[in-house]
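**Q** Following the hints, complete the assembly by docking chain P onto the known chain C.
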Amino acid sequence: MDEPALIQSAQRGDLDSFNRLVLEYQTPVYNLAYRIMGEGDSASDAAQETFISAYKNIRRYRGGSFKGWLMRIVTNACYDELRRRKRRPAASLEALSVVETGPDADSEARLVSQTEGPEAHAERSELAAAIQHCLDGLPDDQRMAVVLCDVQGMDYAEIARSMRTALGTVKSRIARARLKLRDCLHSHGELLPAAFRLEGDPS
Amino acid sequence: MTRFPSSDRDLEQLSAYLDGNLSASDRAAFETRLTADPSLQSALDDLQNIKTRLGALPVVRAPRNFTLTPAMIGQSARRASTWLPALNFATAIAAVLFVALVAGNVLGRSGTVSTAAPAPAAEVSLAQAPANADTAAVTDTAEPPVALQAPVASAATESAAEPFTGTAGVGGGAGGGAPAVAPATSAAQKQTATETSVPTLEGLLRVADTPTPETLPTVTAVPSVPEAPTAEPAPAGVAPAGSIWQIAQLALGLVLIGLITASVIVRRKK
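Those protein sequence lines, which keep their order, are chains C and P. Mapping of the first sequence onto our numbering: residues 1 to 203, in sequence order. Mapping of the second sequence onto our numbering: residues 1 to 270, in sequence order.
Keep in mind that the hints were calculated from the coordinates and are not lab data. Each statement offered as a hint is correct.
When the alpha-carbon atoms are kept at most 27 Å apart in a straight line, the in silico DSSO-like pairs for lysine-lysine are as follows: (1) C:K56 to C:K67; (2) C:K86 to C:K180; (3) C:K67 to P:K51; (4) C:K180 to P:K51.
Isolated chain C, as found in the complex (with noise of 0.2 Å):
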């Protein structure tokens, strides 16, 4: 793929080229809208709404990663949707619903795997169905804050300009969002297979 050649085509107006860096990118860009959603068709609409924006934005792209730019827009579209819940909360009543039953059983059934059998793929499936159960548990920020550091490996200044806050809200909302996660994730050790607990849950 020729990215250059494609953005170029797009930014001419090329559907096209667009659709193919689309192709391209939609998996990370709706893995990371799922990690902070915390679900499927929440991620889902956020993912459509990035690409969207890219889009309509593409223009205004300036050139370096063109992934790191996708990022953005995907972490601006969902800290804006985060936030409209919390103004109106009656929005998202489904969400909540998720968050208290569990994680989307049928997204974390998608999980991509080559290599592993399939024991270890359901080892690890549970694994991730409990750390994503615990993410959803954290507020908002935490969780936002969290995701962009340790999943999508975002550094501190770059989480500040994509939440719009100060370095030291970052800093604190990473801490607190991994103490409860190592909380939480000690509350399932019992349900964990042994390979995955943590040092000193009960065996």
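**A** Structure of chain P alone, referenced to chain C:
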């Protein structure tokens, strides 16, 4: 389970140390504490574990493709871009028409006041006064066109009193837009005076006597018009015309407001 540092500062330092976000001096000081405090080291191990597990979360396959169709981006944008100029044009046209209508209404109203109101007054004064055969004839012929009734009648009155009747033309001009009867009459008198090179003393006295004092009060004396048989068509003909103007004005105003609102909505959607 590892006991975690109770202070927020220690927790944040642990987390920042893990991410390599401590300054060199803070890092050195924190490493000294780590070697001296096994529980702090254990807490660091727990956080490292969490970070590793989050980073190792498996990739979730997207449930569908997110490729875009023209309907998703093109059509909505195209629709907005084609509707917006049309809306702007329609709004501009409506605004111009509205202003023209208001102006026309204002001018028309002042015109009908100056022309229609004196008409019965003149006729009442004619009816009250012993009718001159000439004036009655002129008044009869001037009845059907309502707008011209007043000027013609007053002109007829003046023509009955005056030998020079240039006021008929002046009266028509006053009917086109003079705001009040008295200035119109005085303007008529002025023009009459200027048009006639040598006005007679008798004529000047009659002009001064007859129209001005009687026309002003008779503007308010319209209700008494039914007494005069020739006065009936005037109010009946003027009132509907005025209400039609107002209805048209109101309707166009509403259309204008609707168009402006639509333009704003389309612009915001775009």
